[in-house]
Amino acid sequence: MQTALLVGLILAVLWFIEKMLGTPMVIRPIVVSTIIGAALGDLQTGILVGASLELIFMGFIQVGGAVPPDVLVGAGLGTAFAIMSGSGTEVALALALPIALLAQSLKVIVFIVRSWFMNFAMRLAGSANIKGLVTLNMAGLILQCAMYFVVGFVAILFGSTAVEGFVNNIPESIMSGLEVAGGLLPAVGFALLLLPMMKKTNILYFLLGFALFAYMNLPILGITLFGVVLAFIIVYEMKNKEVEVAGNNGTNKPTDEEDLFDV
Amino acid sequence: MSEKKKMSKDEKKLMREIFWSSFMLEASYNYERQQALGFSIGMWPAIKRYYKNKKDQADALERHMNIFNTTPHVVTTITGVATALEKEASKNPSFDKNIINNVKVGLMGPFAGIGDSLFWGTLRIIAVGIGLSLAQQGSILGPIIFLLLFNIPHMLIRYYGGVLGYKFGTQIMDRANNSGIMQKISKGATIVGLMVIGAMTASMVKLESSLVFSVGEEKIPMQDYLDQIFPLLLPLLYTIFMYYLLKKGMKPTTILLVTIAIGIGGSLLGII
Chain A
1 MQTALLVGLI LAVLWFIEKM LGTPMVIRPI VVSTIIGAAL GDLQTGILVG ASLELIFMGF
61 IQVGGAVPPD VLVGAGLGTA FAIMSGSGTE VALALALPIA LLAQSLKVIV FIVRSWFMNF
121 AMRLAGSANI KGLVTLNMAG LILQCAMYFV VGFVAILFGS TAVEGFVNNI PESIMSGLEV
181 AGGLLPAVGF ALLLLPMMKK TNILYFLLGF ALFAYMNLPI LGITLFGVVL AFIIVYEMKN
241 KEVEVAGNNG TNKPTDEEDL FDV
Chain B
1 MSEKKKMSKD EKKLMREIFW SSFMLEASYN YERQQALGFS IGMWPAIKRY YKNKKDQADA
61 LERHMNIFNT TPHVVTTITG VATALEKEAS KNPSFDKNII NNVKVGLMGP FAGIGDSLFW
121 GTLRIIAVGI GLSLAQQGSI LGPIIFLLLF NIPHMLIRYY GGVLGYKFGT QIMDRANNSG
181 IMQKISKGAT IVGLMVIGAM TASMVKLESS LVFSVGEEKI PMQDYLDQIF PLLLPLLYTI
241 FMYYLLKKGM KPTTILLVTI AIGIGGSLLG II
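Going down the list, the sequences are from chains A and B. Using our numbering, the first residue of the first sequence is number 1, and each one after it goes up by one. Using our numbering, the first residue of the second sequence is number 1, and each one after it goes up by one.
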């Protein structure tokens, strides 16, 4: 019971620190496992398990909207089970990934719940209620911390067999449905963003950016560079020509404009 | 050109406030608006400085509640640029406030690209590499060195990025006023912004059909056909559908619920 509380608390606090300090990487296995090890009285195993798990989870990072397997839960519980069962690194490795995958879908639910928060956030913004916004932001964070606490607590309390059983017992259809919904939801955000920007005359730029990714799989940075060049040609080069053709009013206009890009 | 203005005491204070309020960017990360709430809060030091009445503050906060997503470690640079734009907007009543959002959107993609490769891809890997070699020997120095190697550059870039963004933004504004180039910037930013949104839509919205047709012996997955017509056609159509619903006046929450229902329903029916 005590161990379960301790592990749950560590997971929750680590997530809190991670998101309060602007992603300082305290939820990486190399850190998580060490702390769990120290808390459970076997610092040495903690550090060693952390090193192995870090290697495995090196690629699981959250970039953009994708939700990767949850390394915090995977590393934290994997290490705890390894130390508690006294069987070291192998058990940690075997358990870490399925646990991480389970936690991943819980995270999806948290992200969906917090999408609902945004409605409320808009109302607070509309009345310039900054205290409310900060509180709401904190509430969103605490919600996820609570999720981590519960996951850690329940998992340790009921042991590894229960964890595996649970993972296998969630209806597949619900899990995959939520996953599909998770993939679709960014569309709502982007549509909201397009609302003030897109007009009939410039819809093609949106399609161009889309097509560059869809057909060529160019990285976003590359597409942005193309966008900048295209914008430069359309806005600057072509307009400049017009000025030249239109005659020479405006004495030193072009030099002025060149300066702009000379920052 | 090089009017390298020293920052005033008040501006330096503002930079520190932006630095400190930037940390909670991802506290309420969500699907609908991603980091928007955190970004909005991060703009507050600027908003409360430049706008004195409640209505203007509310407008500014709402403006920054648009979907936002970038690498958290480099967000202050964008906050800095947006701060300079807000400063201009507060002084100049003819300033087109849409520009602020367009510039933000134009920046978040490239900054995510640079930030992800710099922080996740490069700095983290270097720090892990050095920390791991110590941790594998069981040394507590492993995780400690890892955190230090990552976070010292992180904090420096977080602070000075804000300063840089603010200076850059101010400079653009100074020039823009003189040469009447605002419209061009706006148009340019819209072009880049739309292209980036297009690209991000393609990379982040996930929808595939799992329908399979049987023609005689052969099984032909629907998705293959769709890919031949236009890869990622379904995410594109879905996003445009959402845009259409919004344009028709449907509430974001409603289409959010519709989306979840479509996700689970479509998955149960086995069509997506």
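Rather than coming from a laboratory, the hints here were simulated on the basis of the structure. Since we're looking at a predicted model, the values are computed, not measured. Mixed in with the good hints, there may be bad ones.
Stated by the list, open to error - Per label pair, the in silico range of CB-to-CB distance:
{"hint": "1", "chain 1": "A", "residue 1": "203", "chain 2": "B", "residue 2": "144", "range": "16 to 26 Å"}
{"hint": "2", "chain 1": "B", "residue 1": "244", "chain 2": "A", "residue 2": "119", "range": "13 to 23 Å"}
{"hint": "3", "chain 1": "B", "residue 1": "247", "chain 2": "A", "residue 2": "3", "range": "51 to 61 Å"}
Every residue, glycine too, gets a C-beta built ideally from N, C-alpha and C.
A quick look at each hint next to the structure:
1. Take residue 203 (chain A) and residue 144 (chain B): their Cβ atoms lie about 52 Å apart, and the range 16 to 26 Å is violated.
2. For the pair residue 244 (chain B) and residue 119 (chain A), the supplied restraint of 13 to 23 Å holds, since their beta-carbon distance comes to about 20 Å.
3. Our hint of 51 to 61 Å for residue 247 (chain B) and residue 3 (chain A) holds, since their Cβ atoms are close to 55 Å apart.
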